[in-house]
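If you follow the hints, you should be able to join the two separate chains into one complex; please do so.
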Amino acid sequence: MTTAISVSGLVKTFGRTRALDGLDLTVRTGEVHGFLGPNGAGKSTTIRVLLGLMRADSGTATLLDGDPWRDATALHRKLAYVPGDVSLWPNLSGGEVIDLLGRLRGGLDQRRRDDLLERFDLDPRKKGRTYSKGNRQKVALVAALASDVELLILDEPTSGLDPLMESVFQECVIEERDRGRTVLLSSHILAEVESLCDRVSIIRAGRTVETGTLGELRHLTRTSITAELAQPPNGIANLPGVHDVRVEGNRVRFDVDTRELDTALRALTTSGVRSLTSTPPTLEELFLRHYQEDAAVTR
Amino acid sequence: MTGITGTGSLVRLALRRDRVMLPLWIVLLSVIPASTGAAYAQLYPTATDRAALNAGSGSNPSVAVIYGPAYDLTTAGGFTAWRYGSFLALFVALMAVFTVTRHTRAEEDSGRLELLGSTVVGRYAALTAGMAVAGGASVLIGVFSAVGMTSAGLPAGGSFAMGLGVAGTGLVFSAIAGVTAQLTEYSRSANGFATGAIGVVFLLRAIGDSTPSASWVSWLSPLAWAQLSKPFVAEKWWVFPMALVVTAAVAAVAYLLAPRRDLGAGLFPSRLGPRTAPATLSSPLGLAWRLQRGSLLGWTIGLVVMGAVFGSIANGITALVGNSEQMRKIFAEIGGAQGLVDAYLAAIAGVFGMIAAVYSVQAALRLRGEETNGHAEPVLASGVNRASWAGAHLLFAVLGPAVLLSAAGVATGLGHGLRAGDVGTQVAHAFNAALVQLPAVWVIAAVAALLFGALPRVSVPASWAAVGVALVISLFGPVIGLGQAVLDISPFGHVPKLLPGADFNAAPLFWLTGVALVVAVAGLAAFRRRDIG
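Protein sequence lines correspond, in order, to chains A and B.
Take the first sequence: its letters are residues 1 to 299, numbered as in the numbering used here.
Take the second sequence: its letters are residues 300 to 832, numbered as in the numbering used here.
Any given hint might turn out to be false.
Said to hold, decoys possible - Okay, the calculated bits of chain A under chain B, using three or more residues with CB under 8 Å as the criterion:
1) 53–64
2) 81–94
3) 199–213
4) 271–282
Worth flagging that the hints you see were computed from the coordinates, not collected in a lab.
For each residue, glycine too, the CB sits at the ideal point set by N, CA and C.
The shape of chain B in the complex, shown without the other chains (with noise of 0.2 Å):
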């Protein structure tokens, strides 16, 4: 077969462009999972306290929704899998998806894959090549997973029907990125198109986690397969090969539209653009506006299909508290059942914050993008002042999160207000739920900022792990058992609680900002007086 001729060296090519990226992605997602079990025994020392989580979180379907089904929270490895099952596979879909686009599509969009097309390599060469890298990563995330967690004391079996759950799922991301790759001349498009795909399956998971009635909808989500396995409960084997199965499938499709375009091109033809520009066209905010837009009405659609599913969920979660005496008695501790869906409503909020921190990341870097791929210099060599070319892309990361979480907040209380039968009240509690984030997504934000001015060189890969750390912190630090000066580092931990009848403190919200604002100030100073390019 001449059609992959050349992948084993290209292959070498993104292991070493990704020498830094890969082995980053393995060991913190490895890592993680086998960090529980030591924790576990000291949050949850007694079979009291095992039994009480069961039957509390356990039981929860609001819970359900971010985490997934908990099937057995009595053992070290049941709550293991239930904790990190989801996200873990979640993460590892993300990197499969990014790795994958940055070695095929990314490649054609920058000229680079001509020159390299050009020499000995065949035409499936550097498709077949980006999935084996992630495919490669996603196996060794599995394994190095699964033989942590049996290192730190969890039963074998379990580990690697987690591992190879979670694998599977990076394995089957790296072949819809290896499709979406094909369908657009832009890396951005393809990269929009399969983190899009893992927003649906995502939701789908969600939905049937959360949803007693329809739970086989879970099994149409990739990202649920690592938990509908049941590691350390009751291992279904056949999920792994089944996993296997889908992804020859769809990368048999990536295969099949490949030769059908060409280099460069995408499946769906370029049209013609407009002989002038537009009068908007003429300011550096009107070129980000140009160049931003689509990414923010992309991300504020996906938020607010989130924040109406989550929303109507919201009500099914009052229902199902009179199952059980116990959970009843639990749930008036935490204010009953109105308190359950506020509690409901607050991670969810909390989950918003954390996506709106990621898109206000992607479009502080965007000025790094702009720098390095040449736009910036025929831009910053006209009329432009740096601080205002600069600002217009940052006023995205600082207004687009507003927007998307305003859209995500309404369409959450207006998802559960119309369910209720209280649009009013909901709408305006999701809201001030959701907009309560912003101060903390500015923080991160800001940090792309100060690192793009200050140290341009390494500012995409740093921002992005300082989104991991604060992401990482906020969801499993508390499992984990960090104390609390770690926990502090994460910006969402200070976000304070939006609950009827706690005191609201609004202070942290004042001091946030205020540290958002000068670290931006600092990244923008630093920025005028640095070198471009």
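One chain only, chain A, in its complex shape (with noise of 0.2 Å):
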């Protein structure tokens, strides 16, 4: 088994809402996949239908090698899911819900259970209402955590946690894949995915529109260049795939799309290199770019 989630062409509608639109998600075997996308994208949905909460329209969907509705429950003893909002039973202490949950699933490791408890400083005598958002968090955390599975699919998991917790929870995702465990991971938080992801996928409108890793689509992106030269530039503006050529003197300040990037060095270099800055960019400027063509496709 080399691939641990198979989605291709999911369509889910509600009433006149199309949420799904043919989305594709490829997760490997082992890996962290990052399952990013603007608010109301259809991230959730997803992962609704691979947990066999929902039926898809139409479309496939193969989950560690089962199908996700038909094969629900077995397939469930093999994953834990965090989901972004987690409700507990008010009356239920965070201690009992952990232990059910786990229970659920088929069992707990008890000694990780303690471990991750102390790491991520939870008391678990208190009830479920008691519980602030980023506490509740931390219960179905562990939850999920402690168990012996060989997916994890985790919905914003973070949502609500400090910083410190933020980084034990980097520390402890790091360990599942060290272990061999497949980690689905829809997250806002670019830092998380960026230290955490090997790689991505970019949803918008119930459909995928980047995957790889984030070499790869930072590779579909534009670097900005600043060099200084020896005399004024030539002809750098009329290249392909270079953007917003500034000139001051001998100061030349553009941005090119990574792929044209040795085009542009070459052109550069005939003018006389003196310095040279390049700057990759940031996946915050990756990101916007694709949820803002979101916004635009919706407008």
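In structure tokens form, the structure reads like this:
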């Protein structure tokens, strides 16, 4: 088994709303896969379909070599899920919920449970309703991370966690990956995605718009170049893939599509490069571009 | 007074959220009493019929336990007040309690009030709005039912005395629910305490109305006030002002308690829970037991108390038979003194059946509650299949009423048997009489399960509507003169009578159980096919 999750052409409609519109997603076994997209793009709906809580109208989905709808129960024993908005039973203590969910999944590593409680600094004796949002999230995280499963499906698991806990969470996910577990991580926290994810898929309006490693995605975007030359630049603005050229005497600044970087650099060297600063696109720019296109599409 | 700033907006929000339920309550409860006038003339056309009714049912304490005191059954008005007074009051009280809890504690419990509370909304605004909406609905029911009865030809004075009496009950319970909403953190407990209070005052009324030497006890029960104001007989107009005074006093308690706690907290502090889960909490059934056991225990205690009280009253009924020659004749026709007691016990068992049906539907609808508040999702995403999750909760809808009816039956039998000196026979008889209701209860629970599976969005109101229709048909159908075809809709109409000497026909028990089974399985099948959430 080399793919843990394989989804293609998934469609799900709610009345007139088309929540998923031909979504594709492939998660390889053993990787941490970032699942990104603006609010309402269909991330949670996809996850619900993968969990067999909803049935897709069309398209295929395979999870750990099974059918998420038909083999739901058997598959659920091999995965753990953390919802984005954890709702706990008001009269059960956090410890009880952790044990319950773990046992329903078929077992809990007691030592890991205690270890996680300590690392996440969570008091398991409090009743469900007295936890803050972040602490409710921790309850679900401990229950999921202490379970002996192959796949973790985490839907914005760190919303509400403080930065200290966020870094504990990142450590835990890295440990999980090192044990060979697969993680599907839906997140809006770019630093988290950048430090954890091997590959990412960006979805928008129910469709996948990009998939690949962060390196590959960066490749699709522009690099900013600032150069000081021996003489004023010559014909840079006319090169393919070069944008926003600004020339001040011997100084030049421009953005270039990363795949045309080589051509642009060759052109620069003909003018004698004295200094060169190249800034790779930040993830933020990358995502904003995809997210904003979404706004343009729906408008 | 800045404490109530924003009440108006909250009232509008409440009315918007209740735009279906409240009008339904109001119309249903207003129309029923008005429909009696014509039926009365049809059922009891002559003065002789009416005199016989007055001497029979009117003087029968076993009937008074359920319907309340009969002051004068020779007029349509007096008949209406007797037959509907206490039930109308009971339903208005339930409406008031559920409405107040829904807009106060339930909003806090869900965290929505926090969002509202951060806007320009005073500390007392939610409490005031909840009580205002429930109180307003109570008054509307009172006024509309009075107008309805008047336009059906009943005297206006009596109609309004009864309508105001019923409105008064609703107002008092709006305030009581305002108090119970302050006590604990959970809306379930708030409803539990308030409906428990309804149960207590229902018992007080039943004791007072059926025990001539202690009839003053009825005055302790707001449920009895509509009838005690003697509408259509000799109206006591001071009853409604008295209800207003009591309402104000109880509401004052709620306003005193409200500032003594934090938003979201109760007056009873919450304790820390266990660090680890007990071994029982490791399956869907273990979870359902944990979530449902409190409610089952509460209902069982309530029914045991009711059974014991009703049972111990039964013995007094035989003593009263000797009072008049006419009564003795009528009772002889239905099997003598023993026949009277048996009829009484059968009627009590019928009431237990209806109460068990309400519990059963509540237990089944817990499924929908777990689904909508997001608790079902993580459970169904672990290794639990849908059928065993739903089945675990439905088990309470199936076995819960069996527990309730057994307990109620045994308590009734003990209460009666200890006084009659015949515990063995009486316990067995009352137990059977209660348990025979079970298949009818199951049919209603199965309808709730089907609605949950097939029409989840409307399942909660539709299930309660189904319960309401069955109860209204069984309680009032025969009096309003509904046709047999309509009466047959209610499963309780098919429960065989368990009277000594009469033939016992067990067939309906089998086919009712069969219907329940088929409907419930259809519901589960539909649930397995649909989306969650």
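The hints, checked one at a time:
Here's how the region 53–64 of chain A fares: 3 of its residues keep a CB closer than 8 Å to some CB of chain B, so the rule of at least three is met and the hint holds. Interface restraint, the region 81–94 of chain A with chain B: holds (12 residues with C-beta to C-beta distance below 8 Å; minimum three). Under the rule that three or more residues need a Cβ within less than 8 Å of chain B, the assignment of the region 199–213 of chain A is violated, with 0 such residues. Coverage of the region 271–282 of chain A by chain B is violated. Counting CB-CB distances below 8 Å, 0 residues qualify, and the rule asks for three or more.
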